[in-house]
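Asks: Each chain, letter by letter, is given below.
Number of protein chains: 2
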Amino acid sequence: MEPAERVEHRRVVEELQELAALTGGPDGARRVCWTEEWRTARAWLRGRLAEMEGIEVETDEAGNLWATAPGDSERAVVIGGHLDSVPQGGWLDGCLNTVAGLEVLRALAPGKRPVTLRLVDWADEEGARFGRSLLGSSATAGSLDPEAVRGLTDREGVGLPEALRENGVELDRMKESNRQLRDAAAYLELHIEQGPVLERMDLPLGVVLGTFGVERHLVCFRGQHAHSGSTPMDVRRDAFLAAAKASLAFRDDAARRDDVRGTTGIVDVSPGIVTAFNGHCEVSLDQRALDAGVLADMLRAAKAASEQAAAEEGVEVEWERVWRIEPRPFDRELIELADEAVREVAGTAHRLPSGPLHDAAEMAPLMPTVMLFVKSLGGLSHTKEEDTPEADIELSVRALHRLTAETMQWVAGRG
Amino acid sequence: MEPAERVEHRRVVEELQELAALTGGPDGARRVCWTEEWRTARAWLRGRLAEMEGIEVETDEAGNLWATAPGDSERAVVIGGHLDSVPQGGWLDGCLNTVAGLEVLRALAPGKRPVTLRLVDWADEEGARFGRSLLGSSATAGSLDPEAVRGLTDREGVGLPEALRENGVELDRMKESNRQLRDAAAYLELHIEQGPVLERMDLPLGVVLGTFGVERHLVCFRGQHAHSGSTPMDVRRDAFLAAAKASLAFRDDAARRDDVRGTTGIVDVSPGIVTAFNGHCEVSLDQRALDAGVLADMLRAAKAASEQAAAEEGVEVEWERVWRIEPRPFDRELIELADEAVREVAGTAHRLPSGPLHDAAEMAPLMPTVMLFVKSLGGLSHTKEEDTPEADIELSVRALHRLTAETMQWVAGRG
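For the protein sequence lines, the chains are A and B, in the order given. Take 1 as the starting number for the first sequence in my numbering and just add one per residue. Take 1 as the starting number for the second sequence in my numbering and just add one per residue.
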């Protein structure tokens with residue numbers, strides 16, 4: 001391996017620590033998008049890029065920052081990340097991706113670029129201030145509906161369009177950033193897992209199969225509440241017990257496969273007092289699967305289970321969809337390249353779906369896409385306790401480096 | 001039957017309507033104890049008693065009103081009721097008992113009294129203003145702990161001792177009212193059922209076997225919440241699902257008998273959001289039975305069920321008792337007399353436990369006690385919709401009249 005291709009993986013850990021010292025603190029990261037701390041992080045990134053030769057840097061209409069290392073072809077491999085964090089966030093979520101990408105950009109010197117290599121630092125992946133995640137990447141992908149976000153405000157009542165304008169972004173021009181993708185031929189992203197799977201398998205790295213499709217519903221059971229003393233058991237129409245039965249059935253159905261999820265999170269009962277059983281109970285159901293057909297089957301099974309539980313308890317049930325998104329499976333060939341890269345640096349590769357969404361979900365429908373995961377300690381994320389052993393971070397940078405080099409060859413070969 | 005013994009059951013309905021017009025309104029009854037409306041109801045009762053000859057009226061140290069019709073012996077049968085209501089209450093809960101007792105007092109003229117007959121209008125059965133029910137009767141029974149209620153305040157911040165004083169009652173002297181029970185030999189009470197049992201059986205009247213013992217607990221399940229997308233089903237420690245399983249088991253155990261209850265009312269989950277399963281879930285369990293041994297068995301079974309559910313879901317469970325009261329079974333011989341009285345006026349008698357507590361529960365440990373129930377439409381109570389057909393009210397007055405006369409003979413025979 002030639003010196004120019006050696007990635008300085010240790011430097012990534014040091015730069016992440018530097019960034020944490022600059023824009024974090026005892027309560028965790030403070031890089032909420034469109035705020036002063038985020039702009040400080042961006043300025044730090046621009047400073048690092050300015051030290052490198054031959055890199056073109058620009059910010060697009062959506063506030064995304066692009067660094068371009070021209071190669072033998074204009075066709076480009078894009079590495080994505082996001083410096084923005086949630087409030088009191090971790091030191092790795094999003095910025096590992098960007099800082100590792102920066103290092104890969106350094107390592108893959110001009111002579112080693114059969115195609116162009118680009119790093120994008122997406123704006124507002126978290127949606128922490130205005131509640132809309134993947135804002136920058138969805139604008140560039142073209143899936144953003146400006147009308148759906150125009151009225152969003154933060155806790156102080158500041159509107160999203162106003163906050164964007166303070167950062168030089170016009171909401172109605174954000175989708176013009178789509179031109180950045182004109183020559184994009186593949187998209188790569190490294191991220192912490194934010195789940196327990198790799199740690200439990202004692203593996204540092206995983207290959208991501210795609211982001212889950214999600215079906216999210218509120219399921220409302222209605223019976224009739226009455227006094228806990230005066231009402232015999234056999235005449236009750238207890239909405240909570242119907243919801244309890246249904247929620248167990250939702251879980252049992254999801255537990256039959258290891259690549260799906262089924263979660264009851266919200267549980268609201270009424271009247272919710274000691275001396276009455278409940279006439280009303282609303283639960284949320286969040287179902288996830290990597291396969292659209294499997295997800296549709298799960299939804300049908302859950303509806304049937306809820307109706308059976310309702311019938312058994314003498315109550316009514318109604319469903320209301322609150323959100324859905326299609327599964328975004330990643331590219332089969334890039335998954336193979338990622339698997340090879342992980343095996344080369346870590347010996348063993350495990351393939352797993354992504355629970356959380358990522359900017360990669362916006363890119364997957366537009367170009368071949370794949371992600372790498374690195375182990376999260378305790379599965380924790382979006383908290384200052386978020387952590388990954390430094391040795392694993394370094395392995396992840398090496399894997400991203402290899403994957404990027406291989407993907408550039410792959411793109412060149414297809415051209 | 002001689003004219004003096006004929007009860008004017010129609011007058012009871014008319015007097016209840018009169019009382020409702022005086023102290024109720026479009027939103028229901030307003031006779032909350034220790035308020036102006038309650039004093040108005042009491043003044044109305046005193047007026048009715050003043051029209052009758054040979055009746056001694058006094059108010060005791062606990063604010064209970066006693067009307068005494070002397071008989072051939074000082075040994076007394078006591079009929080109890082309460083004019084006080086919840087806010088926006090019904091026209092029957094408590095005052096049916098008092099007004100029917102008034103009519104029985106009228107009907108059982110001096111020559112027909114082998115023993116003394118007394119009517120007591122208990123103060124503050126509902127505890128609607130200060131949260132302590134059975135206040136007057138528990139003071140007289142001797143079970144009241146003044147220290148446990150001294151600090152109680154109403155919504156406006158008025159203290160219980162102050163409100164009592166406005167009504168001529170000194171908290172620390174309330175238990176002196178116990179002297180009223182010196183010659184009491186039996187206690188009778190008529191009440192609306194406040195449940196659906198008699199209506200479902202198409203019966204007007206029932207004989208009450210006693211008031212339930214109650215075991216009331218908070219059951220707290222603790223696991224670990226995590227993200228609904230990133231956490232595989234098989235590694236979850238979902239506290240809500242453990243609580244759901246346990247709550248179903250609590251119900252299933254109670255459903256094996258028709259004279260017990262088991263109710264989950266409170267259900268509090270945390271974090272209670274769509275995108276996570278719950279690491280914490282607290283439910284209430286209210287168990288009721290007429291037999292102390294059965295109640296103890298139910299509690300043991302529920303604890304075992306909660307531990308099994310917790311173990312299956314990988315979570316911890318803890319129990320905290322919030323309240324308990326022993327079952328208060330009524331007197332076997334008086335139950336027989338009540339059964340005969342109901343069968344004579346209604347043809348069929350059904351025996352059932354009382355779900356709610358009543359002043360009779362305070363009297364049952366002290367003397368032979370029994371209650372009659374009259375059908376509640378829709379099982380509704382503590383609301384302006386509370387109702388009972390007038391024909392059934394009239395039957396209930398006739399049954400109370402017969403039961404009282406028979407009980408007076410029974411007491412005389414035991415003397």
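Where hints are given, some of them may not hold.
To be verified - Here are some chain B residues the structure puts well away from chain A; computed CB gaps all over 10 Å:
no., residue
1, G28
2, Q180
3, Q194
4, S230
5, T231
6, E320
7, R324
What the hints assert, rightly or not - Derived SDA-like pairs: lysine to any residue, alpha-carbon spacing no greater than 20 Å straight-line:
no., chain 1, residue 1, chain 2, residue 2
8, A, K384, B, P271
9, A, K303, B, V274
10, B, K384, B, G25
Said to hold, decoys possible - Some chain A residues flagged as far from chain B (calculated, every beta-carbon gap over 10 Å):
no., residue
11, W44
12, A148
13, E176
14, P232
15, P356
16, L366
Hints in this document: simulated from the structure, not taken from any laboratory. We put the beta carbon where it would ideally sit given N, CA and C, even for glycine.
Asks: Take the hints in turn and mark each one as holding or not.
Replies: Hints, verified against the model:
1. With a least CB separation of 17 Å from chain A, G28 (chain B) remains clear of the 10 Å interface cut-off, as annotated.
2. Non-interface status of Q180 (chain B) relative to chain A is upheld: no Cβ of that chain comes within 10 Å, the nearest being about 28 Å off.
3. Residue-level check failed: Q194 (chain B) sits 5 Å from the nearest beta carbon of chain A, not beyond 10 Å.
4. S230 (chain B), annotated as away from the interface, has a beta carbon of chain A within 10 Å; the closest lies near 3 Å.
5. Distance to chain A contradicts T231 (chain B) as a non-interface residue, since its nearest Cβ pair spans about 6 Å, not more than 10 Å.
6. A cut-off of 10 Å between C-beta atoms confirms that E320 (chain B) is not in contact with chain A; the least separation is 12 Å.
7. Consistency note on R324 (chain B): stated as away from chain A, and its beta-carbon is indeed over 10 Å from all of that chain's, at 13 Å minimum.
8. Between K384 (chain A) and P271 (chain B) the alpha-carbon distance is near 18 Å, which keeps this suggested pair within the 20 Å criterion.
9. Taking the CA atoms of K303 (chain A) and V274 (chain B), the gap is near 18 Å; set against the 20 Å cutoff, the hint holds.
10. Restraint check for K384 (chain B) and G25 (chain B): satisfied, since their Cα atoms lie roughly 9 Å apart, inside the 20 Å limit.
11. No beta-carbon of chain B is positioned within 10 Å of the beta-carbon of W44 (chain A); the least distance is around 29 Å.
12. Residue placement check: A148 (chain A) keeps its beta carbon more than 10 Å from all beta carbons of chain B (closest about 19 Å).
13. At roughly 32 Å from the closest C-beta of chain B, the C-beta of E176 (chain A) stays outside 10 Å, upholding its exclusion from the interface.
14. With a minimum CB-CB distance of about 6 Å to chain B, P232 (chain A) fails to clear the 10 Å threshold, and the non-interface call is violated.
15. Once the 10 Å rule is applied to beta carbons, P356 (chain A) is inconsistent with being away from chain B; the minimum gap is 5 Å.
16. The Cβ of L366 (chain A) lies farther than 10 Å from every Cβ of chain B, with a closest approach of about 22 Å, so its non-interface assignment holds.
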